[in-house]
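Student: In case you want the letters, here they are:
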Amino acid sequence: MNVLPVLRCTEKVAGMRLARTLAGLVLAISLPVTALAQSNAPTIRLFPTTVVEDLRQTSSVAKEMESGLQEVIGRLDQQQQLYNESKCDGAESDPGCQRLAKQLGATYLDMLGIMEQRLPDMEHTVNNTRLSLEKRLRSELGNKMTSWTLQETLLGSNPEGTKEPGPVMRGRSGMRLSERFRQYYQLVASSGSKNDQSLAVLASDIYLDMDETSELIARTREEIARATLIEQLNQSFGTITPEMMEVVGGVKSILFGDEADYVQVAGPPPGSFEQEYRSPLEN
Amino acid sequence: MKNFPVTGALRSLTIIFLALSFTSCATSPPPCMGPSSKNLDAAVGQVQRTLTDGCAAEFDRFYDDLLRVAEGDPKPENKRIFSEFLVWSTDEGILSQRQAKDYYNRYFNVKFVSMQGDYNNCTHTCPRRDRVMRNMERELTDKERGLMKVSLDSSGYYRADELYQEVELVLEATCTACAAGQ
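From first to last, the protein sequence lines are chains A and B. Going by numbering that gives the first Met the number 0, the first sequence opens with residue 0, and the numbers climb by one from there. Going by numbering that gives the first Met the number 0, the second sequence opens with residue 0, and the numbers climb by one from there.
It is worth saying that the hints were derived from the structure and are not from the lab. Glycine included, every Cβ here is placed at the ideal spot set by N, Cα and C. The hints are all genuine.
Computed far set for chain B versus chain A, every beta-carbon distance over 12 Å:
#	residue
1	Pro30
2	Gly33
3	Ser36
4	Ala55
5	Gly92
6	Arg137
Stretch by stretch, here's where chain B covers chain A in the computed footprint (C-beta under 8 Å, at least three residues):
#	segment
7	138-147
8	198-208
9	276-282
Please work from the sequences and hints to get the whole structure.
Tutor: Rendered as structure tokens:
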């Protein structure tokens with residue numbers, strides 16, 4: 000049974016990465032549209048059509064996985080509630096409780112089966128996107144830019160002023176995937192345009208997440224195979240293990256978010272831009 | 000011929016005396032005192048006089064002294080005072096244009112002087128990424144002093160801090176992509 004906590008941990012981390020990665024997808028998909036709308040052609044091309052198509056496909060596969068798991072997790076919740084209300088804790092030898100435990104175990108196996116079924120597609124599309132982005136980053140930021148031009152790109156056209164607040168993706172988790180998609184989409188739709196500075200950060204962020212996600216999906220797939228085998232053995236005895244419930248809890252928090260509130264610290268005081276002094280020595 | 004040793008001794012004594020006189024001159028250089036005024040304009044004037052009085056080698060120390068004086072009376076105009084002081088230093092031949100720019104931008108500009116390079120990132124920046132980031136971190140501390148504590152330009156400092164984080168993220172991704180392509 001010591002395999003299950005490993006699975007839970009791996010799944011959770013993978014899921015969090017997935018969540019962050021996927022959250023950026025809608026934003027990334029929408030960006031080229033706004034970039035094209037600008038009169039000034041972007042000087043760097045990080046999201047050509049091929050990358051956008053890869054991102055769109057990854058986004059679609061992720062949504063399928065989310066909706067597929069939502070139903071089975073709902074079923075698990077109901078069964079667990081019934082198990083608790085029937086006061087089966089401590090009454091495992093009761094035939095009714097044994098039957099409930101077996102049903103719960105079977106649903107748990109369904110969940111693992113769905114993950115096993117969906118993850119190869121996910122792995123494939125994530126890898127495609129990762130490789131496309133990798134190529135663009137190497138070419139556009141790695142080979143075509145010096146450290147100085149990269150810095151100027153990141154600063155944009157208004158280095159002294161405040162930057163338009165962009166989405167902070169890394170480290171954000173605990174929100175339902177579809178909700179994150181909706182919020183990012185709205186963010187992009189409401190912003191006038193995006194420039195190279197945002198694109199460079201966005202592409203880097205998505206690429207690093209994809210890189211980690213790709214590795215974690217592979218590890219998760221291995222663990223699912225082991226967890227499935229162990230649960231099949233447990234089915235013979237009709238037991239519910241605490242680890243099993245932890246796994247379910249972990250998957251739920253990944254897909255549907257936790258309840259943690261985001262506390263925002265006050266921002267810096269606004270500067271007096273009108274009186275900004277520009278030295279002739281400035282670069 | 001008999002007097003020769005006496006003349007030789009006198010000549011030696013004269014040489015020793017002269018040597019001692021020169022040595023004593025060399026050991027008493029100009030005092031190169033830092034500014035005593037707490038007013039930045041006045042302090043700059045004092046430093047300018049001292050610099051032109053043979054203390055140019057102490058420029059680093061004086062610049063630090065001036066920053067300390069400015070920290071005592073922070074205001075946006077201090078940027079201009081430092082800029083004019085550095086332009087004066089190049090006019091006087093104390094600093095080169097490049098040095099003056101580095102002194103100014105290191106403390107008062109959002110851009111990082113330690114992020115300069117003429118070659119592409121894959122071949123030049125990535126192999127020394129750790130060093131670049133360490134240098135930027137040190138420069139960020141100087142920017143905190145120049146932008147925030149001397150010029151009250153908190154938004155400029157926060158933008159520099161944000162730029163530092165963006166560079167860290169983008170370089171991590173770019174260098175990973177560069178390494179994968181090798």
